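Colleague: Produce the complete structure using the sequences and hints provided.
One letter stands for each residue in the lines below.
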Amino acid sequence: AQSVAQPEDQVNVAEGNPLTVKCTYSVSGNPYLFWYVQYPNRGLQFLLKYITGDNLVKGSYGFEAEFNKSQTSFHLKKPSALVSDSALYFCAALRRGSQGNLIFGKGTKLSVKP
Amino acid sequence: GAGVSQSPSNKVTEKGKDVELRCDPISGHTALYWYRQSLGQGLEFLIYFQGNSAPDKSGLPSDRFSAERTGGSVSTLTIQRTQQEDSAVYLCASSPVPGPNTEAFFGQGTRLTVV
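Which chain is which? The protein sequence lines are A and B, in order.
For the first sequence, the residue numbers in the working numbering are 1 to 114.
For the second sequence, the residue numbers in the working numbering are 115 to 229.
Because the hints were derived from the structure by calculation, they are not lab data.
Predicted, not measured: the structure shown is a model, and the values here were computed from it.
If a hint is listed, it holds; no wrong ones were tucked in.
Dumping the calculated DSSO-like pairs for lysine-lysine here, alpha-carbon to alpha-carbon at most 30 Å:
1. B:K171 <-> A:K106
2. B:K125 <-> A:K106
3. B:K131 <-> B:K171
4. A:K109 <-> A:K49
5. A:K58 <-> A:K69
6. A:K77 <-> A:K106
7. A:K106 <-> A:K49
8. A:K69 <-> A:K49
9. A:K22 <-> A:K58
10. A:K109 <-> A:K69
11. A:K106 <-> B:K129
12. B:K171 <-> A:K49
13. B:K171 <-> B:K125
14. B:K125 <-> A:K109
15. A:K106 <-> B:K131
16. A:K106 <-> A:K58
17. A:K58 <-> A:K109
18. A:K58 <-> A:K77
Modeller: Shown next as structure tokens:
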């Protein structure tokens, strides 16, 4: 079965420290990969995506993600975390040839403390 | 409106009753998706509409669930004979064209509680 895994339910970091939110996928072919963020009481917002090309993708709010084909991973990173980054983060994959069925991970709650 | 609009924002219903959830996508978006977000379960795909094509219903969990999209715009998700396990946040999203080159825009969801 096609799936996306986010192995950490929660990630805690101190403000100013680098953060990583992990994502691995088991999707046939070379899927497109996405990160979404959900702030409290708000809908999901798109952060960034990997389609092809450079393995390091830069997105909104200073976030970036690194695609690693051999490890089937797409970890989300930020060099210096902010308290306002605290939210729920979802990794998603779209199988090439599919027309819209995004496969989501279970989400990782990021908590950034001052 | 500027974004995807869903109504109601909250719905409490008695077990066994039918409910209708509405989604107004961004004007001009041809693709529309419904997902269900349950605590600890992530986002579960339900159904996908693209233009005039037959919808992809492969994610609907049972025949109590159905959805339609009228005029290529507004969509309604109907749950018949609701059960407690239907309690979740139902999210709608739309995108201008299907595929990877545009991201999906999500509404704020409808929180359904079946008591």
